[in-house]
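Peer 1: First to last, the sequence lines map onto chains A and B. Each residue of the first sequence is one higher than the one before, counting from 160 in the numbering used here. Each residue of the second sequence is one higher than the one before, counting from 29 in the numbering used here.
Honestly, the hints are just simulated from the structure, not real lab data. Heads up, the beta-carbon is just placed ideally off N, CA and C, and yes, glycines get one too. Any given hint could turn out to be false.
[Unchecked claim] For lysine to any residue, the following SDA-like pairs were computed, each having C-alpha atoms within a straight-line distance of at most 25 angstroms:
| no. | chain 1 | residue 1 | chain 2 | residue 2 |
| --- | --- | --- | --- | --- |
| 1 | A | K186 | A | L257 |
| 2 | A | K186 | A | K308 |
| 3 | A | K186 | B | D89 |
| 4 | A | K186 | B | R86 |
| 5 | A | K308 | B | A47 |
| 6 | A | K308 | B | T49 |
| 7 | A | K186 | B | M57 |
| 8 | A | K186 | B | A83 |
| 9 | A | K308 | B | V71 |
| 10 | A | K186 | A | W266 |
| 11 | A | K308 | B | D51 |
| 12 | A | K186 | A | G342 |
| 13 | A | K308 | B | M57 |
| 14 | A | K308 | B | I55 |
| 15 | A | K186 | B | G82 |
| 16 | A | K308 | B | G82 |
| 17 | A | K186 | B | H56 |
| 18 | A | K224 | A | Q301 |
| 19 | A | K308 | B | H48 |
| 20 | A | K308 | B | H56 |
[Said to hold, decoys possible] Covered stretches of chain B (in silico footprint by chain A; criterion: 3 or more residues with CB under 8 angstroms from a CB of chain A, positions within the stretch not fixed):
| no. | stretch |
| --- | --- |
| 21 | 67-74 |
| 22 | 77-85 |
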Amino acid sequence: MSATPTRSSSWTVRVREAGVAALPPEKLLPDGQPTYVASWIYVFGVASIASLVVIITSGSILSLKGPAWWHYTGVGHFFNSVHMWSVELFFFVMVVHLWGKYWMAAWRGGRQRVWITGAVTFVIAVPTALTGYVSQQNFDAQWISTQAKDGLNSVGVGAFFNVTDFGQMYSYHVLLLPLAVVGLVTAHLLLVRTHGVVPPFELDRRPALAPPPDGGGAASASAGAGS
Amino acid sequence: MGEVGANVMGAVFNLNHPAHTVDWNFIHMSVANVVVIGLMLVVFALAILLPFPGAERRRGDAS
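Construct the complete structure from the given sequences, taking the supplied hints into account.
Peer 2: In structure tokens:
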């Protein structure tokens, strides 16, 4: 019996090795973050994920109980409200997250795919919410769907995406679009872990803020400001 | 929601009317949406301006 282990060439080994090489455990689950992450503007990404967890949990309960339950029971009404307000919170914090990352140019340093997956998640989240609003089975849903159908028909997609068809909208809302959102968020998170959180702009390297070569930085700056 | 609860919430938010809207040129938005956008701008500004708890200590530890 040989003591030297033979190297397996199975696809599971190749996938494992590629995964560990791309995202080693210490990068996937780090025990610390860079000091520049200690800022409130970095909180809104994880706030988006937290609200998404509440959305998925409350939505799963609503799915288990079936449509209309949220109208005729108090508990159903409660979970319907939790679901709706967590969506409001999700969009609120996701937009602040988007603004923060836009103004710090978060695609820097090879992070283009991080930015793209985040932007596409936002774009996919919009029809995910729309299909939810038209699946409420109330006058609000009727109003929204009859308004939305005109816009969708005007761009020629009404035959494929019929907002007045409850069955189609409900299927999109509870399966297809949530799968896309969760898949994109997962990819976004793994890419953030791979590339690291984007650092702030290095202000000290900007020419306008660099001290002049004669060493009179403060005096020169004051004179400039007063002129 | 019971009758008492409905009355309490009704006293806070009177929803028994058409939505109030803001009209500015081609922009036509409900007041509720304008308020939410304003709140997002305020939260964004506060997130940049307010100090994060423990940030100075972390930077001190790192240097």
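Peer 1: Each hint should be assessed against the structure and marked as holding or not.
Peer 2: Consistency of the hints with the structure:
1. A/K186 / A/L257: holds (24 angstroms)
2. A/K186 / A/K308: violated (46 angstroms)
3. A/K186 / B/D89: holds (21 angstroms)
4. A/K186 / B/R86: holds (20 angstroms)
5. A/K308 / B/A47: holds (21 angstroms)
6. A/K308 / B/T49: holds (22 angstroms)
7. A/K186 / B/M57: violated (44 angstroms)
8. A/K186 / B/A83: Holds: A/K186 and B/A83 sit about 22 angstroms apart, inside 25 angstroms.
9. A/K308 / B/V71: violated (34 angstroms)
10. A/K186 / A/W266: With Cα atoms ~19 angstroms apart, A/K186 and A/W266 stay inside 25 angstroms; holds.
11. A/K308 / B/D51: Within the cut-off at roughly 24 angstroms; holds.
12. A/K186 / A/G342: Holds - the C-alpha atoms of A/G342 and A/K186 are around 20 angstroms apart, at most 25 angstroms.
13. A/K308 / B/M57: holds (20 angstroms)
14. A/K308 / B/I55: holds (21 angstroms)
15. A/K186 / B/G82: Roughly 23 angstroms between the alpha carbons, so the hint for A/K186 and B/G82 holds.
16. A/K308 / B/G82: violated (51 angstroms)
17. A/K186 / B/H56: violated (47 angstroms)
18. A/K224 / A/Q301: holds (22 angstroms)
19. A/K308 / B/H48: Satisfied, since the Cα-Cα distance of roughly 24 angstroms is no more than 25 angstroms.
20. A/K308 / B/H56: holds (19 angstroms)
21. 67-74: Since 5 is at least three, the answer is holds.
22. 77-85: holds (count 4)
The structure fails hints 2, 7, 9, 16, 17 (numbered hints given earlier, in ascending order).
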